[in-house]
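Student: Next come the chains, spelled out residue by residue.
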Amino acid sequence: MSFAQLALSLIFVAIPLGLALYLKLGLEKDIIIATVRSIIQLLIVGYILTFVFESDSVIFIILMILLMIAAASQNVVKKGSGIPGITLIIIFTLVVVEAVTMGILLGFSIIPAEPEQIIPISGMVVGNCMVLSLLFLNKLKDELNYSEEVIELILSLGGEPKDAVSRSLKSSIRTSMIPTIEAQKTMGLVQLPGMMSGLIIGGADPFEAVMYQLLILFLILTTAAMASVMVGYLSYPKLFNKRLQYIGLTQSEQ
Amino acid sequence: MDILEFKNVSHNDILHNISGTLRESKITTFVGPSGAGKTTCLKMINGLLSADTGEVLFRGKNIFDYEITKLRKNISMAFQSSPMIDGTVYDNLNLPSDIHGETLDRKRAAGLLSLVDLDESFLDRRVRDISGGERSRVSLARTCVHEPEVLLLDEITSSLDYVLVREIERLVKRMQSEMDITVIWVTHDLEQAKRVSHDMWFLRDGELLEQGPAEFIEKSKNPEIQAFVKGEK
Ligand SMILES: Nc1ncnc2c1ncn2[C@@H]1O[C@H](COP(=O)(O)OP(=O)(O)OP(=O)(O)O)[C@@H](O)[C@H]1O
Ligand SMILES: [Mg+2]
Chain Y
1 MSFAQLALSL
11 IFVAIPLGLA
21 LYLKLGLEKD
31 IIIATVRSII
41 QLLIVGYILT
51 FVFESDSVIF
61 IILMILLMIA
71 AASQNVVKKG
81 SGIPGITLII
91 IFTLVVVEAV
101 TMGILLGFSI
111 IPAEPEQIIP
121 ISGMVVGNCM
131 VLSLLFLNKL
141 KDELNYSEEV
151 IELILSLGGE
161 PKDAVSRSLK
171 SSIRTSMIPT
181 IEAQKTMGLV
191 QLPGMMSGLI
201 IGGADPFEAV
211 MYQLLILFLI
221 LTTAAMASVM
231 VGYLSYPKLF
241 NKRLQYIGLT
251 QSEQ
Chain U
255 MDILEFKNVS
265 HNDILHNISG
275 TLRESKITTF
285 VGPSGAGKTT
295 CLKMINGLLS
305 ADTGEVLFRG
315 KNIFDYEITK
325 LRKNISMAFQ
335 SSPMIDGTVY
345 DNLNLPSDIH
355 GETLDRKRAA
365 GLLSLVDLDE
375 SFLDRRVRDI
385 SGGERSRVSL
395 ARTCVHEPEV
405 LLLDEITSSL
415 DYVLVREIER
425 LVKRMQSEMD
435 ITVIWVTHDL
445 EQAKRVSHDM
455 WFLRDGELLE
465 QGPAEFIEKS
475 KNPEIQAFVK
485 GEK
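Each protein sequence line maps, in turn, to chains Y and U. Position 173 of the first sequence, counting from 1, maps to 173 under my numbering, and the rest follow consecutively. Position 159 of the second sequence, counting from 1, maps to 413 under my numbering, and the rest follow consecutively.
Rather than coming from a laboratory, the hints here were simulated on the basis of the structure. Don't take each hint at face value.
[Said to hold, decoys possible] Keeping only pairs whose Cα atoms sit at most 30 Å apart, straight-line, the calculated DSSO-like set for lysine-lysine is: (1) Y/K242 - U/K324; (2) U/K297 - Y/K141; (3) Y/K162 - U/K280; (4) U/K427 - Y/K238; (5) Y/K238 - U/K448; (6) U/K448 - U/K475; (7) Y/K238 - U/K315; (8) U/K280 - U/K473; (9) U/K473 - Y/K242; (10) U/K361 - Y/K242; (11) Y/K170 - U/K315.
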């Protein structure tokens, strides 16, 4: 695509802008800000990616991934989970999931060790991990509220913290993974997944695009499972004290 | 012989400097109005809560000097709301065993149910489908699985009808004398307390106002207790 073509695509901004003005929707300002921000942000990312790809230096790739992880953790932590020490847990989870998935992808040469492959795929892995962690923590909060009495019951019978929360943990892990699994079942029926569409538009052979998309789907399944299981099992000990008493989620952090 | 002792126990703003003893192989009731701190005291004995200052002693030793999981197995608690895990009545009776890596024999489970006057057919009923009264009886049966030395009962008859209340009272008294266990029974019903207890603790606003033999409490000169006694009748 040329710059001239891109400039012409601004027509698609002009249409909603015109409608907003004509109908006095009060959205003109937001539309303009959104347009300008997306242009600037994506251009910056484009330049950074070009720079990283051309430099072909491992350090820049790693830096880029760390940046993604930092931004993603920040996003999870600021929502307030009520679990002390959640920041470290999230960072650790993201690092491990990224390391394991990349290790497998590169170790078995499933993808070539090129920044053009590593960075976008890492972005999907880290982003998906972030979404799953948020989903899991939300479910866990509900689940703990609901089963506080059962947790105390199990402790009172001489159970360990893991006995007391295992039902809540498993149920939260299950419910946070279900959307990922369900989405895969209808994949391709309703709409083409974004990445596949991108590849096809970019001129790739549809089958090549399909194979890539499948790889990404499987990868996302792994990240969903790993993220919720890791966050869950690393978090639950923080809900109890040394005397095996249930403290629960702290309120103040929210 | 005293089996349990509270020594200057305070907890948050809920319990204030409670000191008292509980006799072995007796039924002691904790009596007092709602919010008095009865449940909180029970949880202290099981180690679910700990004192900010002071301590709770079991056979002369701070409860946290014992291995807490073993102690809890031996000091069993029936909660006020009879919490249940999802599943069948059997799953719930099996829970105490399951936690300790064992499986409860179905015959034994049926035996426990008959203790609380429930038929064997209840074993496979889902706990969501049983009544409040049945639930509290399952909860009581569950506390007996490990044959504990101390039984902590929190308002276990509040959702039962008159006949069942009396039956459970007889049952607990019989269990207490047959198995020679110590029972601490929380109730806000003074008449019930008089029927079942050897000893009584009277709690109000987080303070232990009076303790002693059941008849003695009723004759207490303490105006707050007198007011409670009168209010009951
Ligand atoms: N987790 C908690 N956090 C804060 N306050 C609590 C907590 N649990 C209990 N309390 C307060 O402590 C006081 C004593 O509670 P407790 O449950 O021990 O009373 P109780 O004598 O068992 O009352 P009831 O007969 O209604 O069950 C109450 O005022 C209650 O609101
Ligand atoms: Mg209570």
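Student: Taking the hints in turn, state whether each one holds.
Tutor: Tested hints:
With a CA separation close to 15 Å, the supplied pair Y/K242 and U/K324 stays within the 30 Å bound. Only pairs whose Cα atoms come within 30 Å are accepted, and U/K297 paired with Y/K141 is accepted, the gap being roughly 24 Å. With a CA separation close to 35 Å, the supplied pair Y/K162 and U/K280 exceeds the 30 Å bound. Restraint check: the Cα-Cα separation between U/K427 and Y/K238 comes to about 41 Å, which exceeds 30 Å; the hinted pair is violated.
At most 30 Å may separate the alpha-carbon atoms for a hinted pair to count; Y/K238 and U/K448 exceed this at roughly 44 Å. Restraint check for U/K448 and U/K475: the C-alpha separation of about 18 Å stays at or below 30 Å, so the hint holds. A C-alpha spacing of about 28 Å is found between Y/K238 and U/K315, which places the hinted pair at or below 30 Å, so the restraint holds. With a CA separation close to 21 Å, the supplied pair U/K280 and U/K473 stays within the 30 Å bound.
The suggested pairing of U/K473 with Y/K242 is violated, with an alpha-carbon distance near 44 Å, which exceeds 30 Å. Of the pairs offered as hints, the one joining U/K361 and Y/K242 is violated, with about 37 Å between alpha carbons and a cut-off of 30 Å exceeded. Restraint check for Y/K170 and U/K315: not satisfied, since their Cα atoms lie roughly 38 Å apart, outside the 30 Å limit.
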